[in-house]
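Residue numbers (the numbering used here), protein chains in the order written: chain C, 605 to 949; chain G, 707 to 885.
If you're looking for bench data, these hints aren't it; they were derived computationally from the structure. Incorrect hints may appear among the rest.
Label-pair restraints from in silico Cβ distances [as the list claims (entries may be wrong)]:
1. G:V767 <-> C:R623: 51 to 57 angstroms
2. C:G891 <-> G:V722: 32 to 38 angstroms
3. G:Q848 <-> C:D821: 37 to 43 angstroms
4. G:R728 <-> C:A642: 55 to 61 angstroms
5. G:R758 <-> C:E857: 28 to 34 angstroms
6. C:D730 <-> G:D816: 20 to 26 angstroms
Straight line, CA to CA, 20 angstroms or less: simulated SDA-like cross-link-like pairs of lysine to any residue [claimed, not checked]:
7. C:K735 <-> G:R847
8. C:K735 <-> G:W849
9. G:K719 <-> C:P736
10. G:K719 <-> C:A732
11. G:K719 <-> C:V737
12. G:K768 <-> G:E738
13. G:K719 <-> C:A734
14. C:K735 <-> G:K719
15. C:K887 <-> C:A626
16. G:K719 <-> C:A626
17. G:K768 <-> G:R758
18. C:K735 <-> G:Q716
19. C:K735 <-> G:H846
20. G:K719 <-> G:E766
21. G:K719 <-> C:K887
22. G:K719 <-> C:C727
23. C:K735 <-> C:S674
24. G:K719 <-> C:F728
25. C:K735 <-> G:D845
26. G:K719 <-> C:G729
27. C:K735 <-> G:K768
We put the beta carbon where it would ideally sit given N, CA and C, even for glycine.
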Amino acid sequence: MRAEGNGRGGGPEGGRLSRAIADGRFAVTAEIGPPRGADAEAIRRKARLLAGWVDAANITDNQSAHVRLSSFAGSVLALAEGVEPVMQVTCRDRNRIGLQSDLVSAAAVGIPNVLLLTGDHPCFGDHADAKPVFDMDSVALVWTARSMRDHGRLLSGRSLEPRPDWLIGAVENPFSPPERFRARRLGKKIAAGAQFAQTQFVFDIERFEHWLAQVRDLGLDRRCKILAGVGPVRSLRALDYIRTQVPGIHVPEPVVRRLRGVPSDRVAAEGMRICVETVKRLKEIPGVGGVHVMAFGYERAVPEILERAGLAPHRQPAPMGQPAPMGQPAPMGQPASPEGSGRAR
Amino acid sequence: MTRRAPGTGQWPKPTVPSTSARAMYRLHRVLEPNRAYARLAGWLESHPRAYRAFTRAEEEVKGRTFNCQMCGQCALPATGYACPMSCPKQLRNGPCGGVSPDGMCEVYPDERCVWVVAYERAEQEGHDSDLTMLQRPIDHRQWGRSSWVNYWQGRDERLWTSDDGPASSPRVCADGDPV
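Next comes chain C alone, as it looks inside the complex (with noise of 0.2 angstroms):
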């Protein structure tokens, strides 16, 4: 269906993702949120950490409307350091015009694969005087984005050569209501031209279970990688947070008892003890194609996680990423969600 690259996406070579696509893997991604101030260096640490470790890392757009480096210099950051980006693009801050424009400059970089979605809305930023944008959705950018690699055709009709080579994502929250749409909604962005699909973070594996039986139903699984969001919940105060401050998480009860119930200095490890369990659970569910670890603030934590679920590359050696020792306070002060709420939005 493709004139040029691999035929798949992920760039002229086809990149890391696409091949665990391709090859049906479990694939890994994670989370790199930039940095407020203008410090590469932020975004390499992090890259350094999960080098080796994920098949790729989603750099996050202005995550929870807040102004961040924006996720295209980040994603050519992380490219240098090694780590194959994923490229979030949201329909909150540009209209058609810088959409298809940013969409084109990520291809011309070498940045093999793009994160396409809504965004949060101005109000729960830090510039909530903002004018939304939100000129398109979610579902007509990703089909946006298939039109121009697939057909080479812009919004306008004007042909574009060469055309973009990226692997295209999308990402769904299988949580919200309507509950028995939620499926349907992911299928239509797969019908649209999503790949893989990222999802809201996992910690109702019942729901989540109740979701991918739908998801199969439709035999969506086959037709779109399934990445099951997950992260380590670090202090009672960031589960608050993610409970009431970012929209879309759904902590159930017994997950809320069980980190209430441990001292107060050893949540954070209780946290990793969830999250690490969760990822063996998902790893044997039919349908779920990869895990993506959101660790906002956390990143060094990605390793130890994947390490203890059993996802430890056996694919390449870690130049970098040292699993940090467990429990510890991270480095920066903030809970550990805001950063990437993103996600299915």
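Position chain G relative to chain C; hints supplied.
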């Protein structure tokens, strides 16, 4: 350009329509394009004062019923007759991931997500598969125009599709160079 819900001074506000979906699906049959409507639409477009009056009437009726924002490219027939432009993000392809467990909007926690409402209304009438159709990005030049006139003139035909074909809208290319 977007009309705000009175009193909020803010973003579009999700609104539960004041009429049943069943009544609207029935009414739709009466409003389907035909030659008479096309003639009326053509006449309205060539008489600006009449067009303005007609458009104001449409705005009044649809504003009260659906919190219509006058995008001019009506998606109602494919969304269970709940207006997606009353979503604060104006999503036309379904709900975002921020809907609360009890179905409330993330921006207006006291309002039900308009897509949750849309799904319930469409499902009740056996139209839930309408929501799986791809809604193409809208033409922002149509804000404030009459969507009924646009509909009768056949301009809405490519607004949504069940096919997943390429983006093909060379008509919006301004300089006559479609490719």
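Hint check:
1. G:V767 <-> C:R623: 51 to 57 angstroms: 56 angstroms Cβ-Cβ, so the 51 to 57 angstroms window holds.
2. C:G891 <-> G:V722: 32 to 38 angstroms: With a Cβ separation near 35 angstroms, G891 (chain C) and V722 (chain G) satisfy 32 to 38 angstroms, so the hint holds.
3. G:Q848 <-> C:D821: 37 to 43 angstroms: Since the Cβ atoms of Q848 (chain G) and D821 (chain C) sit about 38 angstroms apart, the hinted range of 37 to 43 angstroms holds.
4. G:R728 <-> C:A642: 55 to 61 angstroms: 57 angstroms, holds
5. G:R758 <-> C:E857: 28 to 34 angstroms: Hint violated: Cβ distance 57 angstroms, outside 28 to 34 angstroms.
6. C:D730 <-> G:D816: 20 to 26 angstroms: Hint holds: Cβ distance 24 angstroms, inside 20 to 26 angstroms.
7. C:K735 <-> G:R847: Holds - the C-alpha atoms of R847 (chain G) and K735 (chain C) are around 18 angstroms apart, at most 20 angstroms.
8. C:K735 <-> G:W849: At roughly 17 angstroms apart (the allowed maximum being 20 angstroms), W849 (chain G) and K735 (chain C) satisfy the hint.
9. G:K719 <-> C:P736: The hint holds at about 14 angstroms.
10. G:K719 <-> C:A732: Holds. K719 (chain G) to A732 (chain C) sits at ~16 angstroms (cutoff 20 angstroms).
11. G:K719 <-> C:V737: 16 angstroms, holds
12. G:K768 <-> G:E738: Holds, at about 17 angstroms.
13. G:K719 <-> C:A734: 17 angstroms, holds
14. C:K735 <-> G:K719: Distance of about 15 angstroms is within 20 angstroms: holds.
15. C:K887 <-> C:A626: Holds, because 18 angstroms separates the two Cα atoms, which is no more than 20 angstroms.
16. G:K719 <-> C:A626: Violated. K719 (chain G) to A626 (chain C) sits at ~43 angstroms, over the 20 angstroms cutoff.
17. G:K768 <-> G:R758: 15 angstroms, holds
18. C:K735 <-> G:Q716: Status holds; Cα separation ~10 angstroms.
19. C:K735 <-> G:H846: OK: K735 (chain C) and H846 (chain G) at ~16 angstroms, within 20 angstroms.
20. G:K719 <-> G:E766: The given pair, whose Cα atoms are some 17 angstroms apart, holds under the 20 angstroms limit.
21. G:K719 <-> C:K887: Not satisfied, since the Cα-Cα distance of roughly 41 angstroms exceeds 20 angstroms.
22. G:K719 <-> C:C727: Cα-Cα ~13 angstroms, so holds.
23. C:K735 <-> C:S674: 18 angstroms, holds
24. G:K719 <-> C:F728: 16 angstroms, holds
25. C:K735 <-> G:D845: Status holds; Cα separation ~19 angstroms.
26. G:K719 <-> C:G729: Measuring from Cα to Cα gives roughly 19 angstroms; hence the hint holds.
27. C:K735 <-> G:K768: 25 angstroms, violated
Checked against the numbered hints given earlier, the structure breaks hints 5, 16, 21 and 27 and satisfies all the rest.
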